[in-house]
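S.K.: Residue numbers (our numbering), protein chains in the order written: chain A, 1 to 454; chain B, 455 to 908.
Don't take every hint at face value.
Below, in silico cross-link-like pairs of lysine to any residue (SDA-like), each with a Cα-Cα straight-line distance of 20 Å or less [what the hints assert, rightly or not]: (1) K719/B <-> E747/B; (2) K397/A <-> Q563/B; (3) K217/A <-> K500/B; (4) K500/B <-> E43/A; (5) K420/A <-> R565/B; (6) K614/B <-> E159/A; (7) K862/B <-> M455/B.
These aren't lab readings, by the way, just hints derived from the structure by calculation. On a predicted model such as this, the values are computed, not experimentally measured, just so you know.
2 protein chains.
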Amino acid sequence: MDLRIQKTYEALFALEDIREIFRESLPTGPDADGEKEIKRIAEELKKTISDIESGTGQPKVRAIGNSLPIRDREEAYINIQPIQAAGRLTADARKAIISYGDGYSACDQCRKPFRLDKIEKPCIAGFHRELAEFLGMDEARVVPGARRGFQAVTSTLIEKGDIAIATSLSHYTEFLAVENSHGQIREIPADKNNIITADSAAEKIEEVIRKEGKTPKLLMIDHFDYTYANEHDVYGIAKVAKQYDIPLLYNGAYSVGVMPVDGRKIGADFVVGSGHKSMASAAPSGVLAATSEWAEEVFRTTQITGDVTNRRFGIKEVEMLGCTLMGAPLFTMMASFPHVVERTKHWDDEITKISFLLDRMLAIKGTTVLSEYPRKHALTKVDTTDSFDTVSKTHKKRGFYFSSEMSKRGIAGVFPGATKQWKLSTYGLSWEKVRYLADSFDEIAEKYNLEVAK
Amino acid sequence: MDLRIQKTYEALFALEDIREIFRESLPTGPDADGEKEIKRIAEELKKTISDIESGTGQPKVRAIGNSLPIRDREEAYINIQPIQAAGRLTADARKAIISYGDGYSACDQCRKPFRLDKIEKPCIAGFHRELAEFLGMDEARVVPGARRGFQAVTSTLIEKGDIAIATSLSHYTEFLAVENSHGQIREIPADKNNIITADSAAEKIEEVIRKEGKTPKLLMIDHFDYTYANEHDVYGIAKVAKQYDIPLLYNGAYSVGVMPVDGRKIGADFVVGSGHKSMASAAPSGVLAATSEWAEEVFRTTQITGDVTNRRFGIKEVEMLGCTLMGAPLFTMMASFPHVVERTKHWDDEITKISFLLDRMLAIKGTTVLSEYPRKHALTKVDTTDSFDTVSKTHKKRGFYFSSEMSKRGIAGVFPGATKQWKLSTYGLSWEKVRYLADSFDEIAEKYNLEVAK
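If we strip away everything but chain A, and leave its shape as in the complex, we get:
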């Protein structure tokens, strides 16, 4: 590991050791031994900070505890891993996680009616209101990942044997949510350009009604799919869903938090987003938002009663299982939120960056883009079968040469061994990094005598 990054971690860890002394001390402060230990750590820490500045010294900490390696992917590399880009924490989120990591940290000031989204200090209630507004929806709840949002909706709407509509490009977690509710799923086929159209949605609904004699209970549409990150016609499909009176779940795992999303304008009944995928938040985190009409159902409060005690459980929500997302994932969502709101306004810049990179990659003869082109998303699937993969036939590392060459240049996130069809994302990278990436692909191409158009 780069020594300065190593030393930054060592300094952070030393401060946690000091913090631990405060934690172990009486409210009156550390005792003599504690003070001595603070002094010792502090003196060493000052040296460590000098080492950060100068890049000197020897690594001291090899692992967290006995065996957990220190992770430096975001510090030492340009990370183009397709699903990691927009989940990377902001500095504010990292500060929040330091302060609020303890288990029930959200609950210090929990007062009646005892529900997470009602807590006013810190302003978790206000965050919920802002979140709903940000998504153009009436109500929002934080959930442990987008999949738990799907599950809440399928569990509410789908009974045994019911049909839910998804698409041939839908994420597997939508399938699992439907399976979990004992429902069946039918896929709207993508067209030859791998786009889901409103016509295709209407045809599929008609086919299901005609052949199976049931109207689907739910339609789930990924605004951008996980394979190509192609944009699908969510506006048109929402209209179709409305015509058939089928509630629409907008899956914004790849849109909520990176681009503007207005659920009301789209015509969505539910909007689901992913915190760790697209909202610069710790996992597992996400959001489920609904119109007021559907909020009544998906956020219905508990009705069950204890037969002996006659206990009821107030305003706890059945699908949320009470409180949902306390602690680190929640506070990272909250701390990143102002930055997330701001960044969605600059989505065009992200498109410009991926387009620039792809133009440069396409100049490497044989490279093609499998995603729709021009791009509407920073995540893109490329095909380098006729460029970078040709090298792997004779290279002693085979396909691994490519990720290895990338890694040597400080680029992480290409699946090791992948040289044919693979995905990358430039989301959130600076122009400097995007140019560095483009130059790196060129360098590797030239090193292995691939033809590069100038």
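We have chain A; now place chain B onto it with these hints.
M.R.: Structure of chain B alone, referenced to chain A:
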């Protein structure tokens, strides 16, 4: 906030600002502006560290981002909040959260068959094996909170109208999990000492079979309940469940991670634990473990197929919705785990500490213990209606005087206004802190002329 604690946070945050510069830099390192900024932060940081040592300086950082206050409950106070005690992060867990906070940090080395509990680097797979072994069960999965463990089990076992048995002291999340599966719940009544006995369990099962004509599909028993933290006869009840061939879910939210729990010895089919409640982990986190027999059902893999694509989803598990608990909550569980294993061996010491404190509190005339006594758990419900509450009748702050007096002495976690029946926990506190607590109760009693036996 105590200035030295304030300065510790400021130093941690400054290091995150340095880390952000590395994150924004090319793999070749920071540019001239970046270097200048590192130097500036580092110089200031050295002063901040001197301030930590000496307690000098002025507070600089008032909030994280615009509005999130810095949390100092664990650093500045003795925290006796009943549910926070055993979820407090270890120093290793805090280091893990710093390193692994980013959304998909668990997934850097995810390889076929692409499932969280199969990842070998970092050794998430090994952790799952150790976790199962630690609980005396065959298989274990991490889940986003104990409630998600209950949900997986009820969703697997309970169909519409089915009956699950819980107790009159069961946690509300068990009720919500059953409600979520469209089941009904019946409570085993506690006896006059607020204990759930095997006889009472057998009677309830008999009653349900006799009156409702159905054998219950599940029996859920909290080893220690959330109200009194009384110990219930899990061994006897497991035997009863076996006689009626009803699967037993052992709810170890208050035991797994603080005391030895051997699911096999107990005779449990499922063991559920809470990471943020009792395993020194970030929320939401927990564990669901099962015998190999039941693991096949609750961890069944997906069977659903796409009708257009014929897609299947490999070994993803339906109830887990694929991967479950990535990032911060998982890595805090892993980093705390060796400490958690070790601390369960010293459960007796924790009982000795709460017993010492209660003896001292009982010397304040009028104070009683509502939990079973002698104690078998560090969490305890006390009744101070005839001691501390008598003061509130004439105090201008009314009941709030008590939490205010506690807070003045650096003690947090007493519900503001509560002076009659309230809960506390001494879990994980040093003897020094326990004595300080006892002395503080005495001081307050004496200040308000309550009678204290010497």
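S.K.: Next, verify each hint and record whether it holds.
M.R.: Checked hints:
no.	hint	verdict
1	K719/B <-> E747/B	holds (16 Å)
2	K397/A <-> Q563/B	holds (19 Å)
3	K217/A <-> K500/B	violated (62 Å)
4	K500/B <-> E43/A	holds (10 Å)
5	K420/A <-> R565/B	holds (17 Å)
6	K614/B <-> E159/A	holds (10 Å)
7	K862/B <-> M455/B	holds (13 Å)
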